[in-house]
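J.: Sequence:
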Amino acid sequence: MRDNKPLEEQAELTVRHHLIKHGFSIAKPSYDTQGGDILIIEKPNEQFSKILKVQSKGRTLGKNGTNVRIPISYVTDDFILFIYLVKEDNSDFLYVLFAKDIKQWTSNGKEYTLSITENSIEKEYMAKNLLSEDKISQIRELLKKAQIKKYTSIIIDGIFLGKAVNNTRAIYNNIWTDKRLTKPHIQDVVQNILEYYNRYDSENNIINCYILESNHFPLSEVIEMDMEKSILKSENHIIKVYKENLDDVISFEALDKIERLINNENIILVADDKFYELPLNELKSKGVDIICVTFNESETRNMFVQFRWGDIAYPLGRAMGLEKYEL
1 MRDNKPLEEQ AELTVRHHLI KHGFSIAKPS YDTQGGDILI IEKPNEQFSK
51 ILKVQSKGRT LGKNGTNVRI PISYVTDDFI LFIYLVKEDN SDFLYVLFAK
101 DIKQWTSNGK EYTLSITENS IEKEYMAKNL LSEDKISQIR ELLKKAQIKK
151 YTSIIIDGIF LGKAVNNTRA IYNNIWTDKR LTKPHIQDVV QNILEYYNRY
201 DSENNIINCY ILESNHFPLS EVIEMDMEKS ILKSENHIIK VYKENLDDVI
251 SFEALDKIER LINNENIILV ADDKFYELPL NELKSKGVDI ICVTFNESET
301 RNMFVQFRWG DIAYPLGRAM GLEKYEL
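For what it's worth, the UniProt record's numbering labels the leading residue of the sequence shown as 1, then goes sequentially.
Treat the hints as calculated values from the structure; they're not laboratory data.
Some hints here could point you the wrong way.
Claimed, not checked - Calculated cross-link-like contacts (lysine-lysine; reagent style DSSO-like; alpha-carbon spacing at most 27 Å):
id, residue 1, residue 2
1, K144, K28
2, K179, K163
3, K28, K43
Remember, it's a predicted structure, so these values are computed and weren't measured experimentally.
Using the sequences and the accompanying hints, generate a full structural model.
T.: Right, dumping it as structure tokens:
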């Protein structure tokens, strides 16, 4: 089977080159944004900005033709598809298609399919969708009309969370000597953090939760990590959980995610490490708003930032079986 990965990478690089060349600000999403390989951002220096999702597809056109498939759920008004087509003689073409164009393709109810042959690329439908100044103008107009969508992301530093569980257990064991505290479940922890500290709450709010776990300090030792589903549902929320196992320093990855997400995300950071201080305070000076969930006690707290913060002991205590009045 032919490996399409190099061509897909070349397609994305080609698309990025043309977008930057025409003055667009772009970013690479840190998770699957319903088909988006690239994000076009209207105002990269503001916390919330209009955004377009861009997917690139690389295809080789041989004698038997080729095809492109796109899930119907991806095809929204803020979705743009670039098709990078390479013929056997190495001549290449770059096409730009918007939602209205893709909806003309063949559909089976789950995805749209476009079949491409040597003959079809000469026809009007393909020719009119070649990248051009007119297409660039259409992208600019689409960006102006885009709606600002606010999401909430929880970024959990797994090393801190593990320490916080042990610290919280010690605190409440001293207070409630006759109680047996249970091993908290990660689903309860996430939902409790939202209940206590999601000040961005709104109806049908979309929540993305990133659990950054160190391979050297597995969370399963102190938290039940078995998850039947990577999507949790609460009253008004759909919570998508992404767990990443890392050998690198957790704070590096957490800060990288924050940089990628600040233009379209409300961020709740669950962490306590002095390494975060300078980068977070720099973001504060730029007008970014983040809620930090950390230690309350000054003798155990390592991170002092200018953002609003909350005590991790409350959501953890609830997840261990304590009632609200016992916290």
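J.: The structure should be examined with respect to each hint, and the outcome stated for every one.
T.: Hints, one by one, checked against the model:
no., hint, result
1, K144 to K28, "holds (20 Å)"
2, K179 to K163, "holds (21 Å)"
3, K28 to K43, "holds (15 Å)"
Going down the numbered hints, you'll see the structure goes against none, and every one checks out.
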